[in-house]
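Asks: Go ahead and model the full structure; you've got the sequences and the hints to work with.
Heads up, the sequence shown is in the numbering used here, so the first residue is 153 and it goes up one at a time.
What the hints contain is simulated information worked out from the structure, not anything from laboratory work. Quick reminder that beta carbons are idealized off the backbone N, C-alpha and C, glycines included. Please note: incorrect hints may appear among the correct ones.
As the list claims (entries may be wrong) - Cβ pair distances, simulated, as ranges:
1. S202 x E257: 24 to 32 Å
2. H198 x Q240: 29 to 37 Å
3. S261 x A175: 28 to 36 Å
4. S193 x N277: 47 to 55 Å
5. E257 x S237: 18 to 26 Å
6. K274 x V242: 20 to 28 Å
7. L249 x H198: 21 to 29 Å
Said to hold, decoys possible - Keeping only pairs whose Cα atoms sit at most 30 Å apart, straight-line, the calculated DSBU-like set for lysine-lysine is:
8. K259 x K216
9. K256 x K275
10. K195 x K214
11. K274 x K256
12. K206 x K159
13. K207 x K159
14. K169 x K259
15. K216 x K190
16. K241 x K256
17. K227 x K216
18. K256 x K278
19. K169 x K207
20. K241 x K169
21. K259 x K227
22. K275 x K207
23. K241 x K216
24. K241 x K214
25. K275 x K169
26. K275 x K263
27. K207 x K195
28. K241 x K274
29. K275 x K259
30. K275 x K159
31. K241 x K159
32. K227 x K159
33. K216 x K278
34. K241 x K190
35. K259 x K207
36. K195 x K169
37. K274 x K216
38. K190 x K214
39. K206 x K227
40. K259 x K274
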Amino acid sequence: MKKAECKISDAEWIVMKVLWEEAPLTSAMIVEAVSSNKNWSPKTIHSLISRLVKKGALGVNKEKPLYEYYPLVDKRDCMLDETRSFIQKVYDGSIHLMLANFIKEEKISEKEIEELERLLNKKNNK
153 MKKAECKISD AEWIVMKVLW EEAPLTSAMI VEAVSSNKNW SPKTIHSLIS
203 RLVKKGALGV NKEKPLYEYY PLVDKRDCML DETRSFIQKV YDGSIHLMLA
253 NFIKEEKISE KEIEELERLL NKKNNK
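Replies: Here's what the structure looks like:
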């Protein structure tokens, strides 16, 4: 998969999650998977698929009677892009402010704290 910027909407994320889980899929299979969680019309889901193809996030195999769609962008890359965008938009790019806000305001389990400590220690030792 190519490394690309993932400028996709919240609705498009739902379609991408289906295809990151299993691909390739026909549009009918995507509609069925998305419809199990969302009350969207097939036309809406087809529009989302088309937009994702135009954006270069999805590829299409037109060699079979029913077109098959597959991701062209990596889920992890998209998650990182979304995270960076969120931190920039909400916290002016400050990871410190974001983490401090979550640590102060959210309930964090002992296990989660240990995992955060492990990640910070690993990052610090590089």
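Asks: Could you run down the list of hints and mark each one as holding or not?
Replies: We went through each hint and held it up to the structure:
1. S202 x E257: 24 to 32 Å: Since S202 and E257 have Cβ atoms about 40 Å apart, the given range 24 to 32 Å is violated.
2. H198 x Q240: 29 to 37 Å: Distance hint for H198, Q240 holds at roughly 32 Å.
3. S261 x A175: 28 to 36 Å: 34 Å, holds
4. S193 x N277: 47 to 55 Å: 52 Å, holds
5. E257 x S237: 18 to 26 Å: Holds, at about 21 Å.
6. K274 x V242: 20 to 28 Å: 26 Å, holds
7. L249 x H198: 21 to 29 Å: 41 Å, violated
8. K259 x K216: Judged against 30 Å, a Cα distance of about 50 Å means the pair is violated.
9. K256 x K275: 22 Å, holds
10. K195 x K214: Roughly 20 Å separates the two Cα atoms, so the pair holds.
11. K274 x K256: With Cα atoms ~23 Å apart, K274 and K256 stay inside 30 Å; holds.
12. K206 x K159: 12 Å, holds
13. K207 x K159: Between K207 and K159 the Cα gap is close to 8 Å, so the pair holds against 30 Å.
14. K169 x K259: 27 Å, holds
15. K216 x K190: With Cα atoms ~28 Å apart, K216 and K190 stay inside 30 Å; holds.
16. K241 x K256: Roughly 20 Å separates the two Cα atoms, so the pair holds.
17. K227 x K216: 26 Å, holds
18. K256 x K278: The hint holds at about 27 Å.
19. K169 x K207: Given that 30 Å is the threshold and the Cα spacing comes to 16 Å, the pair holds.
20. K241 x K169: Satisfied, since the Cα-Cα distance of roughly 23 Å is no more than 30 Å.
21. K259 x K227: 27 Å, holds
22. K275 x K207: 34 Å, violated
23. K241 x K216: 43 Å, violated
24. K241 x K214: 39 Å, violated
25. K275 x K169: OK: K275 and K169 at ~29 Å, within 30 Å.
26. K275 x K263: 18 Å, holds
27. K207 x K195: 18 Å, holds
28. K241 x K274: Judged against 30 Å, a Cα distance of about 27 Å means the pair holds.
29. K275 x K259: Within the cut-off at roughly 24 Å; holds.
30. K275 x K159: 28 Å, holds
31. K241 x K159: 14 Å, holds
32. K227 x K159: Since the Cα atoms of K227 and K159 sit roughly 12 Å apart, the hinted pair holds (cutoff 30 Å).
33. K216 x K278: Not satisfied, since the Cα-Cα distance of roughly 49 Å exceeds 30 Å.
34. K241 x K190: OK: K241 and K190 at ~28 Å, within 30 Å.
35. K259 x K207: Measuring from Cα to Cα gives roughly 38 Å; hence the hint is violated.
36. K195 x K169: Holds, at about 19 Å.
37. K274 x K216: Violated, because 48 Å separates the two Cα atoms, which is more than 30 Å.
38. K190 x K214: 27 Å, holds
39. K206 x K227: The given pair, whose Cα atoms are some 18 Å apart, holds under the 30 Å limit.
40. K259 x K274: Between K259 and K274 the Cα gap is close to 23 Å, so the pair holds against 30 Å.
When the structure is compared with the earlier hints, violations turn up for hints 1, 7, 8, 22, 23, 24, 33, 35 and 37 and for no others.
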